[in-house]
Structure formats: C-alpha cells, structure tokens
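Chemist: In case you want the letters, here they are:
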Amino acid sequence: MCTAHYHLPPSFRPCAAQRNRLGTFRNYICKWVQCGDPEVEKKIEEKIEQFIGWVEKHPNKKSQICLSFYEVKNKHGSWFSKQIEQLHWEHWYINLNVAQQPKVQSVKSHNSKVVDTGENNLEDRSIRRAALEASLRDVLFQIIRFVNDKKEHVPPIPNREGVISFPYEIILPSSSDSAFGMDMIKRMLQTGHPTMLS
Amino acid sequence: MASSHSDSAKMEQIITEFFAKSLHIILESRSPCISSRNFSGEHIVSSPSSSSSSSSSVRPRDKWFNLALRECPEALENLDFWHQSNLEPMVVDVVLVKRVINWDPANFYPKAELFRNLSSKEVYSNCWNSDQEELGNGRSEKIIERWIVQYEARKAKDAGKGSKRSSSNVLSSIYKKSILLLRSLYLTVRLLPAYKIFRDLNLTGQIRSFSLAHRVSSFVEPFTRREEAEMQRFGFAPVDTSSGRLCLSVLYRSSLSDVSSEASTPMSPQLIPDYVGSPLADPLKRFPSLPVSRGSPSSLPFSRRHSWSFDHYRASPPSMTFSPSPTHSEPYASASNPSSSRFPPPGLPPHPPEVSHAHKYNANFDEYYPSPTFSPSPSPSPPIYVPGSRLSGALLRSESAPINIHATKFLNSPTFFKNQNLPPSPPLKGTRYGPSMADKSMYPSRDSATVDKMSFVGRDDIGRPSGLKIPSESSANISYSRSSCRSFPDDFDESEYTCAFDVDEDDVTDPGSRADLFDKRRHVHDPLQSGSFMPIRKSQGAAVGALVDMLKKAPPLHQDVSNLATASQASGSETWSNTFHEYCQTPKSISAQDGTSSVASSAFLASKTTADALEELKGYKEMKNLLLSQGGTSRSRSVTNHAAAVESADEGTVKF
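Just so you know, the protein sequences line up as chains G and P, in that order. Taking UniProt numbering, the leading residue of the first sequence gets 1, the next gets one more, and so forth. Taking UniProt numbering, the leading residue of the second sequence gets 1, the next gets one more, and so forth.
Take the hints with a grain of salt, since some may be wrong.
[Claimed, not checked] Simulated pairs of lysine-lysine, BS3-like, Cα-Cα distance not exceeding 27 Å: (1) P:Lys-176 to G:Lys-150; (2) G:Lys-57 to G:Lys-42; (3) P:Lys-176 to G:Lys-151; (4) P:Lys-63 to G:Lys-150; (5) G:Lys-61 to G:Lys-43; (6) G:Lys-151 to P:Lys-155; (7) G:Lys-43 to G:Lys-73; (8) G:Lys-150 to P:Lys-155; (9) G:Lys-151 to G:Lys-73; (10) G:Lys-151 to P:Lys-177; (11) P:Lys-98 to P:Lys-142; (12) P:Lys-98 to P:Lys-10; (13) P:Lys-176 to G:Lys-73; (14) G:Lys-150 to G:Lys-73; (15) P:Lys-155 to P:Lys-176; (16) G:Lys-73 to G:Lys-57; (17) P:Lys-63 to P:Lys-10; (18) G:Lys-62 to G:Lys-43; (19) P:Lys-63 to P:Lys-176; (20) G:Lys-150 to P:Lys-10; (21) G:Lys-61 to G:Lys-73; (22) G:Lys-57 to G:Lys-43; (23) P:Lys-10 to G:Lys-151; (24) G:Lys-73 to G:Lys-47; (25) P:Lys-142 to G:Lys-150; (26) G:Lys-151 to P:Lys-63; (27) P:Lys-177 to G:Lys-73; (28) P:Lys-10 to P:Lys-155.
[To be verified] The calculated label-pair distances, taken between Cβ atoms and stated as ranges, are: (29) P:Glu-152 to G:Asp-124: 46 to 56 Å; (30) P:Ser-85 to G:Glu-56: 27 to 37 Å; (31) G:Asn-120 to P:Ala-153: 27 to 37 Å; (32) P:Arg-226 to G:Phe-146: 41 to 51 Å.
Bear in mind the hints are in silico, worked out from the structure with no lab data behind them. From a predicted model like this one, the values you see are computed outputs, not experimental measurements. Backbone N, C-alpha and C define an ideal beta-carbon position, used for all residues, glycine too.
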C-alpha cells in the first residue's frame, strides 16, 4: 500500500451560497472543505482514482496535478464560427512525490521478531502520519494565504444557480510525459494566454 | 451624491454583515452548545441552490456573501447589541474551560440564557455566554484562540483615492473579496487545533472535564508576552474599501496536547476495587498500619492514641489512669483522681522504700519492654491487637494485659512480685503482692515485660504459652485478673494467668488505702514523679511487644517437656530467663530479707514439670502469707480473693 501525498485546493472558489461541508480524503486526517455538490465530489474522486493508478504504474516518480479555473468566453474567430474560449485565470500546480511504504516482510523465525517488526512499522507509520498531517496543514494554510493575497484577478462571482461558480478542470499526468506535454500544448492553444500563478 | 450616499450605506451594510458573518463562522465551529442543536457531523448536504433561488431554504442572512451557515441564534442574538459601530473591533475569545471539581454535567454546555440575559451594556463591554458563575471551584480557563475582526477606517485625506472607480464596481469588488475572505475564514477555523476539541465535544458525547466557551467584546486585555509567545498568529489579507479596510486575524495556540490527551480519556465513573475506606470512618483500621513488630518493641502500636490509651506526647495528668476497662476503671479512676496528688507518677514504678534496689527491675523493665500506653477507657474493646499473638491479644482484650503479664512474671519470685510496682488497684491485690504488684498496675510495662519473658516460653506455633508456671503470688494476681480474661486461650492455665487489671468489685478498696500504697512507692523514683505516664506507657508497649516476640519465637508447644526443658535452657528461655534472673536479683535480696530463697532458684519455667510448678506455687503461697502478714487489713480482702484464686489454680491443670 502506498500513501499518496495528494490533496486538492479548497474548492471554495466556485462554491455558491450553500452549506459547505467537510470532507476527509482517505488516508488523511486533515479536514478540507467540500462544496457539497455530489457531481463535483464524484468528479474529484474519479480523478483521484486515475492518479492513483498512474502512480502505481510509475512508482517513485514525480508527478504533477493541475487544477485550473477558467472563464468561458465566446470567441468569435474568423476561421471558426464560434469558439468557446476557455480563459483560465488561475492554475494550481500540485507537485506530488508519492512514497511507497516498504512491504512488511513475513518473518518465520520467531514470533518476537515478528512482533518487533510490526511494532516498529506501526510506530514508523504513526510518525509519518503525524508528519504528513502537519505538512498538509501547512500547505493548506499556504493556499489560504495565496487565495487571500491575490484577489484582483478573480472574476466577479456570477450569481447563478448551482454550486460551482467558476468552471474548472483537473489535469492529471498522462501515461507518458510526452502525452502530458501535449495536453499542455493543447490547452495553451485553446486558452491562448494561460494565467500562471507562481 | 445620492448614489454615493447609497454606496456608503451599502458599504456600511457590507461591513456590518461582514462582522456578523465572521462571528457566525467562528461560533459555529467553536460553541458546542450552539452547534450541537444542528450539528450532524458537518455533513449537511444542502440543496445545490444558490442564494437567488429556493429562498425558503436559505435564510436571509445566509444570502450574504453567498455562504449559508448553520443556525446560530445565540451567537447572533445580541450581536446587534454589541455591534454599535463598525469602527470598533470585534474580539472573539475562544476559551477552554477545564473543570476540576464541582463539575456538573447539567451545566456542561455553556448556557445561552446567560448570554441572552445580559444587558446591551454588558454585552457591549464583555459578553459571556458561558456558565462560569454556575460552576464551582477548580475551574481553569485558557484562551486558546482570539479572533480580531475590525474595520480600519482610512483617514479622510486618503479616502478619495479609490473614488475614481465606479462605486458599483468598487462595491462588487469589495463584496467579492469579502466572500473570499469569509470562505478562507470558514476553512481556517476548521484547520486550527481548537476545532478538534469542538468536534470531540460535539460528536463523542462523552463526559468531559473541559468545554469551550467564548466571549465577544470590543476591548480585551492584551496577552502577556509569555502568553503571546505561546501563540501563533495568522492574518488574512485585508479587504480594502474606499474608506478603510476590513482586517481579520487570529491568535491561536498551536499546541493543545494536554487537552487532546484528556479528550481521549474522558472522565467516567470507575469502581475502586480495593477501596479500603477512610480511616476516620473506621479508626480500627489503623491497626494494620501500627507497628506491631517483633524487633521493635519501642514501636508498639501503643503509639496510636485510642480510647483507652494514654497520650504519649503530652504529660498526662494524674487523672489519666491506666485502666482500660470501663467496668474496672472505677477503682482506677479513683486512683486517677487528680485530687489525689499522691498518685504515683508514671514511668518506672516506684519501689517501696524497703526495696531500695527495686528500681533495677524497673530499669530492666524499661530496657526490655517499652511501656505501653495505658489510659482509662470507656471502651472495653482492645485497641491493640497483636497478630499472631493470641495471648497478647487476649491479654489486651481483657484489659489487664500488663498486669497479667506482670503476674506471669512473678512465677517464681514472690519477692519479685513484692518489689514490683503493682497496679494501685485493686489496691488489695496490689498490696497483697507487695508494692511491686501495686505499682504494676500503674506501670504495667515492667511486669508485662517480665511476663513476656517468662510466660511465653515453650509456646507453640500459634503463640500459646506452654509450660507456664505461675507462682501462687502471681497466680493470685493472675487470678485477680483472670475473671476478666476469659478470652484467654485454653492452653493457658487460667489459674496462672489473670488480668492484672481485672478488678473484682470486692477487691476494690477505698482510695485512701490505695493512696497510701502510692505514697510508699512514689518517692522511689524521683524522675518518675514528674507526673508523666510516658515511661509506663513505654514499658507497657514494650512489654506487649516483647510478649509478642516471645510468642513468635517460642518453640512449638508439642515438644516434649523434657526437650522443652533443655531447649528452653539452651535458647528461648535464655533470654527471658536471664531477664528473669535479673529481675530476680532483687527478689533474691528481698527473699533474703523476707527469708524465702526458694523462689530465685526456680527460674526456668519451661523446664518445669507439673510438680515443679506446684512447688513454685507453694512457694508463692508462702510469699503471699508473708506479704499478708506485712500488709494491713485493707489488703486482706484482695489477698483473700487471690488466695482463693491460687487455690483454684492448684486444682487446675497446668497445660503445656
């Protein structure tokens, strides 16, 4: 089993007037806020599953998840009749490095050894878990600071129905790096000038 | 201008609602009482509708900042009373309340009524919504979070900088930023450590010794440097407006480990499996703690003050007698009459003037047997129980242990009896056995010490004495006390063992005669005439301890008498025999004076057979007669009784 260092930025941006709820990502102790929209949660869960699959295929490989918020604008192009332009106004890049835990080797020699190994694993796991929880909380606080520091670029919140105020997309690393790069190129062609947040 | 006026009004309204919303967000996740009514694990899935639609499901206030929250009426009920001006900061302190004692589960949650009942002025100054006043002592409070929401008005000269932009755009921008800020706040309150406490209080439902309270005020006492050093600050980016900026910050304690550990182990009623009970409820339970040790006779349980014991640590007035028995305390009480100034002093028993060297016995007594505590007692219950020593327990229980021990001591030494300090009462008995006996009643430790040495030779495993030979004189004394010592084990020869303080009513003499006895003995030991009974108590205690020791060390009762004789000569009897010899040294001289020399030669009780015991008894009879001849008429009664007891003892069997 591997514990994924995975989290999503709080989806409070697109949330409309609704009761936010708290969600708990699996294997995590930290709480994060969800919009409460089942469709959004379902889409997020699917992306997580895809990412986990990719990590299992590419162990010990750095990965990156991109969460982008965009505006939909109708672009009237000369060549195309109508084109829906996605104007991304915010990108969140989440760099992940999934650490795979060493498998517990079965010791057949003596019971005490097995117990010792188990105890050590549990202790190490709890230590790692505590460290992970602390680092994750720090990251979330950092996200809050980012959100609060930069507000001017955020488009006006539309007063429309639904939970999500702004469209978004989650880009996962593809099976190959080249494919991931192609996805980025395609996005750049579509959006034109993607807004990158450092 | 009207638009500007309306814009400023709208701005004011935005700021006002911002304060309310921020307070609502904070209290929603910090007040267990408030949130418990609507708390459902915070997994409330609301209808995915915006504020514009389905307004029935969204309260009017929820429409503000596009953030619908759970109901929090208590927190916002008096918000209007408090918030009189947007220019005043709003400080929300989240307090961790720990209750040590007087913890009332009914008042576990802070009551909103207290908050509601506060006047506007009180709310304005310092709003409490905790039931602090209702809790008892042992309550500790700690501010774990301090939220500060304020609107910093910009100076007038700087107010026109943002006026170039359209007011609508400004307002929309302010409103948008406020939305983001409040949502950041919503996330932050759930990331801080205090939220975990809030969830534990709400979800577990277990009885906790702590709770969360909050107070809203405009002015608070700033933290000390030490407190501030323990806290961390997180500040949100302010929202700039045309006339100022909205600021939001929090000071929080990053470490609440002490509370978190307590949260995992809530208070719960537990059964105490080995509850012993309060010593006040059962004073007798102090017995096991009393030093009933063999090797430390000085640490006898007599040190404990009980109903019939003397007070070791204060000079006992003469009124304090050594009669443990309420039934028999009368004669002693008379002797212990404070008016009786001639009451013999405690400590070493005063020797009769004719026995100038009788003090040696006393010294020996003190040396070997610390005096136990002896005092008049209304309670007949034995204050001291020596485990493993039925004899001693019985002796004590019979309230005549010292005298009893005294009696046994004088098995072979009528003169010894004579020279010992016998208890003053019964005076007749005491006089019967001479001054020693009379003094013994007062200083039973002496006799008890000797008796310890003498009487428990050849004891069996259970501590029953064997082969105990009691001379006539001692038997007389023993018989005197025997009547109250029925609880003695059967192994004891009742004829030989009597409780020294077992006073028969017939033996009670008038205090006057008793006082005469006391006079003759008191002056012997000047240091003891200080009026302190401490030596007596010490000797008594030592005697009992020595008795116990002897009982434990005594060889089994089942041994052959002959073997017992040799064994006693070889080991066990040596100690007490030596002591007895020491004690008998004076009796030798006394016997010489009295003309009886047979007593001193019969020192080894354990080795004696029945015939020997009878012979000793006869010897003691002779001594008795001598004493009688020397004594006055007042002693004759007690002597007679004792003689009768002795005769009965002759008829009895001596058990080994």
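Chemist: Hint by hint, say whether it matches the structure.
Modeler: Results for each hint:
1. P:Lys-176 to G:Lys-150: holds (12 Å)
2. G:Lys-57 to G:Lys-42: Answer holds: Lys-57 (chain G) to Lys-42 (chain G) is near 23 Å, not above 27 Å.
3. P:Lys-176 to G:Lys-151: holds (8 Å)
4. P:Lys-63 to G:Lys-150: holds (24 Å)
5. G:Lys-61 to G:Lys-43: Holds, because 24 Å separates the two Cα atoms, which is no more than 27 Å.
6. G:Lys-151 to P:Lys-155: holds (24 Å)
7. G:Lys-43 to G:Lys-73: holds (23 Å)
8. G:Lys-150 to P:Lys-155: Given that 27 Å is the threshold and the Cα spacing comes to 25 Å, the pair holds.
9. G:Lys-151 to G:Lys-73: Within the cut-off at roughly 20 Å; holds.
10. G:Lys-151 to P:Lys-177: Satisfied, since the Cα-Cα distance of roughly 6 Å is no more than 27 Å.
11. P:Lys-98 to P:Lys-142: holds (8 Å)
12. P:Lys-98 to P:Lys-10: violated (43 Å)
13. P:Lys-176 to G:Lys-73: holds (21 Å)
14. G:Lys-150 to G:Lys-73: Roughly 22 Å between the alpha carbons, so the hint for Lys-150 (chain G) and Lys-73 (chain G) holds.
15. P:Lys-155 to P:Lys-176: holds (24 Å)
16. G:Lys-73 to G:Lys-57: violated (37 Å)
17. P:Lys-63 to P:Lys-10: Given pair Lys-63 (chain P), Lys-10 (chain P) holds - Cα atoms ~15 Å apart, limit 27 Å.
18. G:Lys-62 to G:Lys-43: holds (23 Å)
19. P:Lys-63 to P:Lys-176: Answer holds: Lys-63 (chain P) to Lys-176 (chain P) is near 13 Å, not above 27 Å.
20. G:Lys-150 to P:Lys-10: holds (24 Å)
21. G:Lys-61 to G:Lys-73: violated (37 Å)
22. G:Lys-57 to G:Lys-43: holds (21 Å)
23. P:Lys-10 to G:Lys-151: holds (21 Å)
24. G:Lys-73 to G:Lys-47: holds (25 Å)
25. P:Lys-142 to G:Lys-150: Roughly 35 Å separates the two Cα atoms, so the pair is violated.
26. G:Lys-151 to P:Lys-63: holds (21 Å)
27. P:Lys-177 to G:Lys-73: holds (23 Å)
28. P:Lys-10 to P:Lys-155: holds (19 Å)
29. P:Glu-152 to G:Asp-124: 46 to 56 Å: Hint holds: Cβ distance 49 Å, inside 46 to 56 Å.
30. P:Ser-85 to G:Glu-56: 27 to 37 Å: This hint is violated: roughly 59 Å between Cβ atoms.
31. G:Asn-120 to P:Ala-153: 27 to 37 Å: Given about 60 Å between the Cβ atoms, the range is violated.
32. P:Arg-226 to G:Phe-146: 41 to 51 Å: Violated, at about 33 Å.
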